[in-house]
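Chemist: Sequence:
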Amino acid sequence: MSPDEHKSEALTASVAALDLQEDVGDAADPSETSTSGLSKGQLKRLKQKQKKQATDDSTSEAPANNEIVTDAPAGPAADNDEEEGAGSGDDADEGGEGAGGEGGKKKSKKKKRGKKKAGASGAEGAAGAASAAPSTSARPGEKLEQTSPPSIPVRLLFPDGKYPEGEWQSYKDDNLWRETSAEKRELERLNWDMINEVRRAAEVHRQVRKHMRSVIKPGIRLFDMCEQLEDMVRTLIEVNGLDAGIAFPTGCSLNYVAAHWTPNAGDKTVLQYDDVMKIDFGTQVGGRIVDSAFTVHFNPKYDPLVAAVKDATNTGVKTAGVDVRLCDVGEAVQEVMESYEVELDGRTHQVKCVRNLNGHSIGPYQIHAGKSVPIVRGGEATRMEEGEFFAIETFGTTGKGYVREDLECSHYMKNFDVGHVPLRLPRAKQLLATIDKNFGTLAFCRRYLDRLGEDKYLMALKNLCDAGVVDPYPPLCDAKGSYVAQFEHTIYLHPTRKEVLSRGDDY
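Count the sequence shown with full-length UniProt numbering and you get residues 1 to 507, in order.
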């Protein structure tokens, strides 16, 4: 036998040995196959054949393991396949037999760089990701749901840009014709964009207060409560300077304190079981303010007091309307309020209106726009007008029915009508620039200045108050030992009907 024939016979024997390994299924090491007498070129070809055989084996075994192997085509078609794969992952999230079930084991031989490789537990991975961070996008045809606690901006919950309407109420008597007037309907349509933005602010108010009601319990520190509430407002309304954000500081006045109290830095006041707390906070979009308040209490002995004020506020809302005299609203409110009695510690108290506290008209970036809505009879005969916003609020008390300024001041607001005032103190000028940039003519508190990094500003703030540029609003208090409750709604007088913008399931 010639040398060439000997080498050819050795190569044939090596290949036969490999075939024998495949037939018996015993994973013998190919490297143990005899390769004696082969040239370098023949050895190289033998290794290439072994490598190709191993690749073919792994491909043929895939269906046996219930795995689907797909070859991704090159070019644009490959992109489409990858997008369809992502869609199957969405199906798994919905609970179908997509990527989360057996389809979750679906593999692709070719993938673009930067794409995440789906594991066998696709549905479990998707569920874990959802629990780790709230989703801020909805699948086509699905409505995004708010998280608990709320963390998704309200704008994303209504992708069509139409926010929930408030409660509609018809005008009384001579103004019923407005509902059928084509001219008034057209005027209402022209105002839609503006009122829709106010509804956005109102929806933020509803969602925030709904959650806060579930966390306000005896033992909570009021400073922490206010910070949590205001941070939630900033998130849901997507705070943007003066274009959207908080309208005024969160009031959390306790017991005989009727209004304008919020904790300053370092305050350690804790809510108690026997406290009666008024939560009054506002939201704004484009300067359009939603001002609404409610009372929190835990001891049922205060139920009649709270019921009286809620009923009186609803009466004021029902009475208000185009061409209604402000004094008529006050008379209706007082009649309802003072029909209630509350028994505290064996003593019966007639619920009184706080006669020097009022509702008010609201203007752009102006919480008190000029008109006052009394809550007792004998007020002004000025009439409400079409296109006006009003805060209808009532205060009921077991005390004297008259409040005075007391305690440490926390609320401030730049004077809406002030012109240029020369300031000598450089620190006062700097503080005024901060106020103009962040609050404009909206109310603010010392906590807000702290949050902006301002420090050692009390002297400058006093200088601005003394100059008449900024007005202080100290807490308003009835007699010590008394209890005051409050409810408030923002309404808009449409050309056809009135809308209670801040109305919710709670009040």
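Just so you know, these hints were derived from the structure itself, not from any lab.
Because the structure is a prediction, the values reported are computed rather than measured.
Just so you know, even glycine gets a beta-carbon here, dropped at the ideal spot from N, CA and C.
Don't take each hint at face value.
[What the hints assert, rightly or not] In silico lysine-lysine, BS3-like type, Cα no more than 25 Å apart, as pairs:
#1 K414 x K217
#2 K301 x K210
#3 K429 x K371
#4 K437 x K456
#5 K301 x K480
#6 K184 x K143
#7 K268 x K318
#8 K437 x K414
#9 K437 x K400
#10 K184 x K318
#11 K414 x K462
#12 K318 x K172
#13 K318 x K210
#14 K217 x K301
#15 K210 x K162
#16 K414 x K456
#17 K371 x K210
#18 K217 x K318
#19 K172 x K456
#20 K310 x K184
#21 K184 x K172
#22 K400 x K429
#23 K143 x K217
#24 K414 x K400
#25 K162 x K184
#26 K268 x K310
#27 K480 x K310
#28 K400 x K301
#29 K172 x K310
#30 K268 x K429
#31 K143 x K172
#32 K400 x K480
#33 K462 x K429
#34 K437 x K268
[As the list claims (entries may be wrong)] Quick list of simulated restraints, FRET-style, between CB atoms:
#35 G481 x A307: 33 to 39 Å
#36 L187 x I220: 42 to 48 Å
#37 P149 x Q272: 19 to 25 Å
#38 V215 x P472: 16 to 22 Å
Chemist: Next step is simple, just say for each hint if it's right about the structure.
Modeler: Going through the hints against the structure:
1. K414 x K217: Violated, because 34 Å separates the two Cα atoms, which is more than 25 Å.
2. K301 x K210: holds, 23 Å
3. K429 x K371: violated, 32 Å
4. K437 x K456: Holds. K437 to K456 sits at ~19 Å (cutoff 25 Å).
5. K301 x K480: Between K301 and K480 the Cα gap is close to 18 Å, so the pair holds against 25 Å.
6. K184 x K143: violated, 34 Å
7. K268 x K318: This hinted pair is violated, its Cα atoms lying about 40 Å apart.
8. K437 x K414: holds, 12 Å
9. K437 x K400: violated, 41 Å
10. K184 x K318: With a Cα-Cα distance of about 21 Å, the restraint between K184 and K318 holds, given a limit of 25 Å.
11. K414 x K462: Between K414 and K462 the Cα gap is close to 12 Å, so the pair holds against 25 Å.
12. K318 x K172: holds, 9 Å
13. K318 x K210: Status holds; Cα separation ~24 Å.
14. K217 x K301: holds, 17 Å
15. K210 x K162: Distance of about 21 Å is within 25 Å: holds.
16. K414 x K456: holds, 19 Å
17. K371 x K210: Not satisfied, since the Cα-Cα distance of roughly 30 Å exceeds 25 Å.
18. K217 x K318: violated, 32 Å
19. K172 x K456: Measuring from Cα to Cα gives roughly 54 Å; hence the hint is violated.
20. K310 x K184: violated, 31 Å
21. K184 x K172: holds, 16 Å
22. K400 x K429: This hinted pair is violated, its Cα atoms lying about 42 Å apart.
23. K143 x K217: violated, 32 Å
24. K414 x K400: violated, 31 Å
25. K162 x K184: Given pair K162, K184 holds - Cα atoms ~21 Å apart, limit 25 Å.
26. K268 x K310: Since the Cα atoms of K268 and K310 sit roughly 30 Å apart, the hinted pair is violated (cutoff 25 Å).
27. K480 x K310: holds, 23 Å
28. K400 x K301: The given pair, whose Cα atoms are some 20 Å apart, holds under the 25 Å limit.
29. K172 x K310: Answer holds: K172 to K310 is near 21 Å, not above 25 Å.
30. K268 x K429: violated, 32 Å
31. K143 x K172: Roughly 38 Å separates the two Cα atoms, so the pair is violated.
32. K400 x K480: Holds: K400 and K480 sit about 10 Å apart, inside 25 Å.
33. K462 x K429: Between K462 and K429 the Cα gap is close to 12 Å, so the pair holds against 25 Å.
34. K437 x K268: Cα-Cα ~30 Å, so violated.
35. G481 x A307: 33 to 39 Å: With Cβ atoms ~21 Å apart, the hint is violated.
36. L187 x I220: 42 to 48 Å: holds, 46 Å
37. P149 x Q272: 19 to 25 Å: Holds - the Cβ-Cβ distance for P149 and Q272, about 24 Å, lies within 19 to 25 Å.
38. V215 x P472: 16 to 22 Å: Since V215 and P472 have Cβ atoms about 31 Å apart, the given range 16 to 22 Å is violated.
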